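Got chain A sorted already, so can you dock chain B onto it with the hints?
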Amino acid sequence: MDSSKKIKVLYIDDEPNNLVSFKASFRFDYTIFIANNTTEALQRLEENPDISVILSDQKMPGMTGVEFFEDIRTKYPNPVRILITGYADIDSVINAINRGHVFRYIKKPWTDVDVQSAIDEAYKFYVTTSMLTLKNEELQKAYEELDKFAYSATHDMRGPILSVLGIIDLTKNAEEMSEVKEMVGMMENAMLKLDNYIQNLHDHYSIRRGELNITDIDFEDVMKDMSDLYDISSRVKNVKFEKSVQQNGKFRGDDISIKIIANNLLSNAFKYQKKEGDDRTVSFSIKVENNTAVITVEDNGIGIPEKNMNDVFTMFFRGANDEIGSGFGLYNVKDALNKINGKIEVTSTENVGSKFIVTIPSK
Amino acid sequence: MSEGKMNFIVIDDSKLDCFIAEKIILNSGKCESVKVFQQAVQALEYIQAAATSQSTTVVFVDIQMPVMNGFEFVENFEKLSDELKKNYHIYMLSSSINENDIARVKGYPSVKHFLNKPLTNNTIQSVLEEYNP
Numbered sequence: 490m491d492s493s494k495k496i497k498v499l500y501i502d503d504e505p506n507n508l509v510s511f512k513a514s515f516r517f518d519y520t521i522f523i524a525n526n527t528t529e530a531l532q533r534l535e536e537n538p539d540i541s542v543i544l545s546d547q548k549m550p551g552m553t554g555v556e557f558f559e560d561i562r563t564k565y566p567n568p569v570r571i572l573i574t575g576y577a578d579i580d581s582v583i584n585a586i587n588r589g590h591v592f593r594y595i596k597k598p599w600t601d602v603d604v605q606s607a608i609d610e611a612y613k614f615y616v617t618t619s620m621l622t623l624k625n626e627e628l629q630k631a632y633e634e635l636d637k638f639a640y641s642a643t644h645d646m647r648g649p650i651l652s653v654l655g656i657i658d659l660t661k662n663a664e665e666m667s668e669v670k671e672m673v674g675m676m677e678n679a680m681l682k683l684d685n686y687i688q689n690l691h692d693h694y695s696i697r698r699g700e701l702n703i704t705d706i707d708f709e710d711v712m713k714d715m716s717d718l719y720d721i722s723s724r725v726k727n728v729k730f731e732k733s734v735q736q737n738g739k740f741r742g743d744d745i746s747i748k749i750i751a752n753n754l755l756s757n758a759f760k761y762q763k764k765e766g767d768d769r770t771v772s773f774s775i776k777v778e779n780n781t782a783v784i785t786v787e788d789n790g791i792g793i794p795e796k797n798m799n800d801v802f803t804m805f806f807r808g809a810n811d812e813i814g815s816g817f818g819l820y821n822v823k824d825a826l827n828k829i830n831g832k833i834e835v836t837s838t839e840n841v842g843s844k845f846i847v848t849i850p851s852k
Numbered sequence: 002m003s004e005g006k007m008n009f010i011v012i013d014d015s016k017l018d019c020f021i022a023e024k025i026i027l028n029s030g031k032c033e034s035v036k037v038f039q040q041a042v043q044a045l046e047y048i049q050a051a052a053t054s055q056s057t058t059v060v061f062v063d064i065q066m067p068v069m070n071g072f073e074f075v076e077n078f079e080k081l082s083d084e085l086k087k088n089y090h091i092y093m094l095s096s097s098i099n100e101n102d103i104a105r106v107k108g109y110p111s112v113k114h115f116l117n118k119p120l121t122n123n124t125i126q127s128v129l130e131e132y133n134p
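Taken in sequence, the protein lines are chains A and B. First residue of the first sequence: 490, per this note's numbering; consecutive thereafter. First residue of the second sequence: 2, per this note's numbering; consecutive thereafter.
Keep in mind that the hints were calculated from the coordinates and are not lab data. On a predicted model such as this, the values are computed, not experimentally measured, just so you know. Glycine included, every Cβ here is placed at the ideal spot set by N, Cα and C. Treat each hint with caution, since some may be false.
[Unchecked claim] Here are some, though not all, of the chain A residues that point toward chain B, as calculated from beta-carbon distances under 8 Å:
id, residue
1, P538
2, H644
3, R647
4, I656
5, M680
6, G814
This is chain A alone, in the form it adopts within the complex (with noise of 0.2 Å):
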């Protein structure tokens, strides 16, 4: 067994020959740390926090094997506990279980099979208590978010819903055609508005649940979809937009991922420009060098105001004025990229305008 995954346990023993044999016996099967007395196993566990099952003897000078255990267990919580007395100490034994230090004891003196057993054992409690904490922990934090999303859900999905029928009741007192059709093109607007909620939902659900698809990745294809996105918009808004790609060396990587982070990226660069102005530039570019995709967006609009810097990867954080931003994309690029191993890098001015720097590990 590879040496790392060996379970790790601890064993206290104020006899040093007991320690000599319990060695011994089990160095092959477990990766083993003795201690003399309990300030000792303080140390090794303070130096190893991933000691998974303790071991220890019950009479020792000082401290007995339950105070040590009662004593650890705020610090300690995880480690599963094992006690090993050598002389009917029963009412130790049973003071020790029925306080819920303890998980199993071993009578001294202990056989091979005996020991290892309760190890196997108490590694397997070790395991499902952590991945039941570990469990506990993301369904906290889902429960959360669906609270969150349960708020904004109304707000986002039903506010175009709600626009639209505002407008429909207005229509029907409209005479004139010119007016029906000023109407029809904003409940077009409030539709694309739902839809563009919906489509980063959809984004959102896919990064959360989606397995990680690990291929071969070309930056140009990357590049190219992203430039038949925004080179409309660039025209359209008149924002200049300048890209470049340079990959030297294979990168693999989650392509559904590094997509979703470039688009919400652009996006915002475009969408957050200032309102005119000759000189507006978007600037894309990816590098990757040494078996790490660097990818650059940068842009000279309007920047964010120093007080939200720490907000904008909050979900639902709105920061502007506009009534486009849903409070998703870089809450989206973040969740991207804790799933890839990626990292981000902010710097913005604002009304100077906002650079975001990506670093990815190829897979």
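Positioned in the frame of chain A, the structure of chain B alone reads:
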């Protein structure tokens, strides 16, 4: 000022909803003037800068808006002098069906009512009846 006519202020980040509100208000036949703001901050500045209004002004404000939301607008409004505030009547509008929001609206003394979106002829008529029974 003509008999029974009032001033209106609409605050909503959605251009479309501003347009709807403006139309409905103009169609009501009771409109002396209507001002539309897509940003709550600008509406607040406008109210602060305006000379004390002698006539009734009805304010429709959306709850969920970026930068300054409807609640923040009301909180800032309530800090103004009583003299400045006295002729403004605030109604909060939202598409949200969130109980907390609705309950929160009740906590603000300067807010008259919570109204559901969209603003319709019927809603505005019932609002107007409160002033011209």
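Taking the hints in turn, this is what the structure says about them:
1. With a least beta-carbon distance of about 41 Å to chain B, the hint placing P538/A at the interface is violated under the 8 Å criterion.
2. With its C-beta approaching chain B no nearer than about 5 Å, H644/A sits inside the 8 Å limit, and its interface hint holds.
3. Of the supplied interface hints, the one on R647/A holds, with its beta-carbon coming within about 5 Å of a beta-carbon of chain B, less than 8 Å.
4. The criterion of a C-beta within 8 Å of any C-beta in chain B is met by I656/A, whose closest approach is roughly 6 Å, and the hint holds.
5. The criterion of a C-beta within 8 Å of any C-beta in chain B is not met by M680/A, whose closest approach is roughly 11 Å, and the hint is violated.
6. Proximity of G814/A to chain B holds as hinted, the smallest CB-CB distance being about 7 Å (cut-off 8 Å).
Hints 1, 5 from the list above are not met by this structure, while the remaining hints are.
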